[in-house]
Amino acid sequence: MANPVFTPTNANSDAPVIVIGAGPAGLACAQELVAGNRRVVLIDDNIQPGGQYFRQLPPGYSTAPRARLMRDKARYDDLARVLDSPLLTHLPRTTAWSFPQPGTVAHAGPLGSGRIAGSAVVIATGAQERSMPFPGWTLPGVISAGGCLNLAKAHGLVPEGRVVVAGNGPLVLVAAATMAAAGARVTTVAEAQQSRRLAGAALSGVVAAPGILAKAAQYRAQILRAGAAWKTGWMVSRAHGDETLREVSIAPVGPDGRPDLTRERTIPADLLVLGYGLMPGSDAARLLGCRMELRPDLGGLVPVRGPDLQTSTAGVYAVGDGAGIGGVEVALIEGRLAAHAILGTPAPKQLAHRYRTLDRFRRALNSAYVLPTPLRAADDDTIICRCEELRLRDLKADGNAASGSLNTLKTSSRLGMGRCQGRNCLHTAAGLLGLSPETMVETMPRFRPPLRPVPLARLAADRDAGPAREPDEIILSEAKD
Amino acid sequence: MPQPKMRFIPGVVPNAGTLSFSFEGNEIPARPGETVASALMRAGVPVLRRTRIENQPRGYFCGMGICWECAVFVEGTGVVRSCGEPARPGMVVRLAEAEV
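As they're listed, the protein sequences go chains A and B. Be aware that the first sequence starts at 1, since it is given in full-length UniProt numbering, and climbs by one per residue. Be aware that the second sequence starts at 1, since it is given in full-length UniProt numbering, and climbs by one per residue.
Isolated chain A (complex conformation) (with noise of 0.2 Å):
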């Protein structure tokens, strides 16, 4: 099928930029065109702007000084300010679900759906978390890094219970000193990656980014004054509980990436942290026709971009962690480049040569946590995909196992087909089942519209809905050496 063409007819003219995600680097965006006179709608799935690390409590909340919640309040209250400007539309609790023709953006929400033509679409809808399924992860108080720092950032609550925190990268030490800070009972935390192999990136962190540096050394701090044993090359094998949890079971992480059970140990834990890297999320890129690479040391499958961070999508530009695992630092930065490309003005030199600086730092580091083996928790009888609760023993089951191809194995066996839309098993399923990180790119099923569960009366609100094109088709870009 043919490459969509955004032809930015509009670019010129009064039609706004949609800018998708009100995250840090769409926020940054949204602010640095606004100062350029440009109108911007901003679509957002969640009810508060802010995206993950900004994430807001609930309206009318609010917080004593003493309260110990990790989170940078000044500089989303300096951001926030655009969202005041005659020239932005924010559409919160809305889902941009399709892209009908170039530069249009379908969106659906409780304040209206319909379609908007823009002059320029930026997607900064961000990252995703990685799945290391094992057995017993489907259990309640099993979850996510991220599903843990917004118990603090956007419910203000902190568990009673005792705490785990198991993963592989940054946001281990993130979910467990939020942790901590929040004054829960974290015991145990458990990072797969030697230490060792962490070392040449903070190496190399003390000059590229001592600030990023000295907020983890602060974080280890909280984490070890919490009274919490630190353990590098340790994996969660297991979770045991039968309505909720009750233990975990760590283990070194063997050779071979699965947990040496013979150095098993069982722990007490009423909740268990999961963070096991992100990855960006690709499938606004992907609809809209990008071309995408396989890159490691961006975390992942991302849309190929020009030194303006324009796609190969003309009029559609991709910023933060979604074309790129790099954190809030690298996404403002990028928010505001893209934003200068956009209303055609040179960006200040100061943050072009920021961003090289903290570019290189933050490829350094997502290749310091790459680990030499995938880890390998799962058993036959462990659930890969957690909605339409298909065990491993069912995948290796499925006639269409062998094919090699992730979309024949989605038609038959419903991988991939429950309301997460495979963002939390197909990636997963791949490595289980031993497909290259090229072939299950190659065989992805494609990403249709809508882009996320949208209830049919918010589809039928848009009068104008026609059929929706389905242009996800991944196209790689040639390797590079």
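Worth flagging that the hints you see were computed from the coordinates, not collected in a lab. Glycine included, each C-beta is placed from N, C-alpha and C at the ideal position. Misleading hints may appear alongside valid ones.
Label pairs and their in silico Cβ distance ranges [stated by the list, open to error]:
#1 A:Arg-448 - B:Glu-54: 41 to 49 Å
#2 A:Pro-59 - B:Glu-54: 37 to 45 Å
#3 A:Pro-59 - B:Ser-20: 15 to 23 Å
#4 B:Asn-55 - A:Ala-221: 38 to 46 Å
#5 B:Gly-78 - A:Glu-243: 19 to 27 Å
#6 B:Glu-97 - A:Asp-380: 25 to 33 Å
#7 B:Glu-75 - A:Arg-75: 50 to 58 Å
#8 A:Ala-117 - B:Ser-20: 28 to 36 Å
#9 B:Glu-97 - A:Thr-266: 47 to 55 Å
#10 A:Ala-314 - B:Arg-94: 44 to 52 Å
#11 B:Ser-20 - A:Thr-104: 43 to 51 Å
#12 A:Arg-75 - B:Val-13: 17 to 25 Å
#13 B:Arg-52 - A:His-353: 48 to 56 Å
#14 B:Pro-10 - A:Ser-403: 51 to 59 Å
From the derived model, a few chain B residues whose C-beta atoms are all more than 10 Å from chain A [what the hints assert, rightly or not]:
#15 Met-6
#16 Thr-18
#17 Leu-19
#18 Ser-20
#19 Ser-22
#20 Glu-27
#21 Gln-56
#22 Met-64
#23 Glu-69
#24 Phe-73
#25 Gly-76
#26 Pro-86
#27 Arg-88
#28 Gly-90
#29 Arg-94
#30 Glu-97
Dumping the calculated SDA-like pairs for lysine to any residue here, alpha-carbon to alpha-carbon at most 20 Å [unchecked claim]:
#31 B:Lys-5 - A:Arg-68
#32 A:Lys-73 - B:Pro-29
#33 B:Lys-5 - A:Asp-242
#34 B:Lys-5 - A:Arg-185
#35 A:Lys-73 - B:Lys-5
#36 B:Lys-5 - A:Thr-443
#37 B:Lys-5 - B:Pro-29
#38 B:Lys-5 - B:Glu-27
#39 B:Lys-5 - A:Gly-161
#40 B:Lys-5 - A:Leu-69
Chain A is fixed; fit chain B onto it per the hints.
Relative to chain A, chain B alone:
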């Protein structure tokens, strides 16, 4: 064994006043603006839905609207993600089951 509850982080001041809704026939108190998931977790209710095929318990997982594991059924509305749904007075909520 009762599940340890969630509590407000010391220094977090929720909105004044209390409302209540029902979950599986039990009355659950909530603060204005609080989400259904938050109120349920503070009440020590970790199981929010049961799976269609095996009737397995599931609860709050991703906290950002991707996984749908915290789905509950609200009378008059249907299946919603409890982590992003503000509690309303008198709301009748039950475990989401076959609907998800």
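Here's how the hints hold up against the structure:
1. The supplied range of 41 to 49 Å is broken by Arg-448 of chain A and Glu-54 of chain B, whose beta-carbon atoms lie about 28 Å from each other.
2. For Pro-59 of chain A and Glu-54 of chain B, the hinted distance range of 37 to 45 Å is satisfied, since their beta carbons lie about 38 Å from each other.
3. In this structure the hint that Pro-59 of chain A and Ser-20 of chain B lie 15 to 23 Å apart at CB holds, the actual value being about 20 Å.
4. Distance hint check: the CB atoms of Asn-55 of chain B and Ala-221 of chain A are about 45 Å apart, consistent with the given range 38 to 46 Å.
5. One distance hint, 19 to 27 Å for the beta-carbon pair Gly-78 of chain B and Glu-243 of chain A, holds here, with the actual separation near 25 Å.
6. A hinted range of 25 to 33 Å for the beta carbons of Glu-97 of chain B and Asp-380 of chain A is consistent with their spacing of about 27 Å.
7. A hinted range of 50 to 58 Å for the beta carbons of Glu-75 of chain B and Arg-75 of chain A is inconsistent with their spacing of about 41 Å.
8. The hint said 28 to 36 Å for the Cβ distance between Ala-117 of chain A and Ser-20 of chain B, and at roughly 46 Å that hint is violated.
9. In this structure the supplied range 47 to 55 Å is violated for Glu-97 of chain B paired with Thr-266 of chain A, their Cβ-Cβ distance being about 32 Å.
10. The given range of 44 to 52 Å is respected by Ala-314 of chain A and Arg-94 of chain B, whose C-beta atoms sit roughly 49 Å from each other.
11. Checking the proposed 43 to 51 Å range against Ser-20 of chain B and Thr-104 of chain A shows it holds: the Cβ atoms sit about 44 Å from each other.
12. Taken as a hint, the range 17 to 25 Å holds for the pair Arg-75 of chain A and Val-13 of chain B, whose Cβ atoms sit roughly 22 Å apart.
13. At about 54 Å, the beta-carbon gap between Arg-52 of chain B and His-353 of chain A stays in the expected band of 48 to 56 Å.
14. At about 55 Å, the beta-carbon gap between Pro-10 of chain B and Ser-403 of chain A stays in the expected band of 51 to 59 Å.
15. Distance check for Met-6 of chain B against chain A: the nearest CB is about 4 Å away, which does not clear 10 Å, and the non-interface claim fails.
16. Non-interface status of Thr-18 of chain B relative to chain A is upheld: no Cβ of that chain comes within 10 Å, the nearest being about 14 Å off.
17. No Cβ of chain A comes within 10 Å of the Cβ of Leu-19 of chain B; the nearest lies about 13 Å off, and the non-interface call holds.
18. With a closest Cβ-Cβ approach of about 17 Å to chain A, Ser-20 of chain B is found to remain outside the 10 Å limit, as its non-interface label requires.
19. A cut-off of 10 Å between C-beta atoms confirms that Ser-22 of chain B is not in contact with chain A; the least separation is 20 Å.
20. With a minimum CB-CB distance of about 20 Å to chain A, Glu-27 of chain B clears the 10 Å threshold, and the non-interface call stands.
21. Under the 10 Å C-beta cut-off, the non-interface status given to Gln-56 of chain B relative to chain A is violated; the minimum distance is some 6 Å.
22. For Met-64 of chain B, the condition that its CB be more than 10 Å from all CB atoms of chain A is violated, with the nearest at approximately 5 Å.
23. The Cβ of Glu-69 of chain B does not lie farther than 10 Å from every Cβ of chain A; its closest approach is about 7 Å, which violates its non-interface assignment.
24. Non-interface status of Phe-73 of chain B relative to chain A is upheld: no Cβ of that chain comes within 10 Å, the nearest being about 14 Å off.
25. Listed as outside the interface, Gly-76 of chain B is consistent with that label: its C-beta sits roughly 13 Å from the nearest C-beta of chain A, beyond the 10 Å cut-off.
26. The Cβ of Pro-86 of chain B does not lie farther than 10 Å from every Cβ of chain A; its closest approach is about 7 Å, which violates its non-interface assignment.
27. Distance to chain A confirms Arg-88 of chain B as a non-interface residue, since its nearest Cβ pair spans about 13 Å, more than 10 Å.
28. Chain A leaves Gly-90 of chain B outside its interface by the beta-carbon criterion, the shortest separation being 19 Å against a cut-off of 10 Å.
29. Non-interface call for Arg-94 of chain B relative to chain A: holds, since the shortest CB-CB distance, roughly 16 Å, exceeds 10 Å.
30. Non-interface call for Glu-97 of chain B relative to chain A: holds, since the shortest CB-CB distance, roughly 13 Å, exceeds 10 Å.
31. Straight-line distance between C-alpha atoms of Lys-5 of chain B and Arg-68 of chain A comes to about 19 Å, which keeps the hinted pair within the 20 Å bound.
32. Simply put, Lys-73 of chain A and Pro-29 of chain B have alpha-carbon atoms about 29 Å apart, too far for the 20 Å limit, and the pair is violated.
33. For the given pair, Lys-5 of chain B sits about 17 Å from Asp-242 of chain A by alpha-carbon distance, which is consistent with the 20 Å threshold.
34. Of the pairs offered as hints, the one joining Lys-5 of chain B and Arg-185 of chain A holds, with about 13 Å between alpha carbons and a cut-off of 20 Å not exceeded.
35. Only pairs whose Cα atoms come within 20 Å are accepted, and Lys-73 of chain A paired with Lys-5 of chain B is rejected, the gap being roughly 27 Å.
36. Distance check on the hinted pair: Lys-5 of chain B and Thr-443 of chain A sit about 43 Å apart at the alpha-carbon level, beyond 20 Å; violated.
37. Note on Lys-5 of chain B and Pro-29 of chain B: the hinted pairing holds, with a Cα-Cα distance of about 14 Å set against a maximum of 20 Å.
38. With a C-alpha separation of about 16 Å, the suggested pairing of Lys-5 of chain B with Glu-27 of chain B holds against the 20 Å cut-off.
39. Under the criterion of a C-alpha separation no larger than 20 Å, the hint pairing Lys-5 of chain B with Gly-161 of chain A is consistent with the structure, at around 8 Å.
40. As the CA atoms of Lys-5 of chain B and Leu-69 of chain A are separated by approximately 19 Å, the hinted pair is consistent with the 20 Å bound.
In the structure shown, a violation is registered for the earlier hints numbered 1, 7, 8, 9, 15, 21, 22, 23, 26, 32, 35 and 36, in ascending order.
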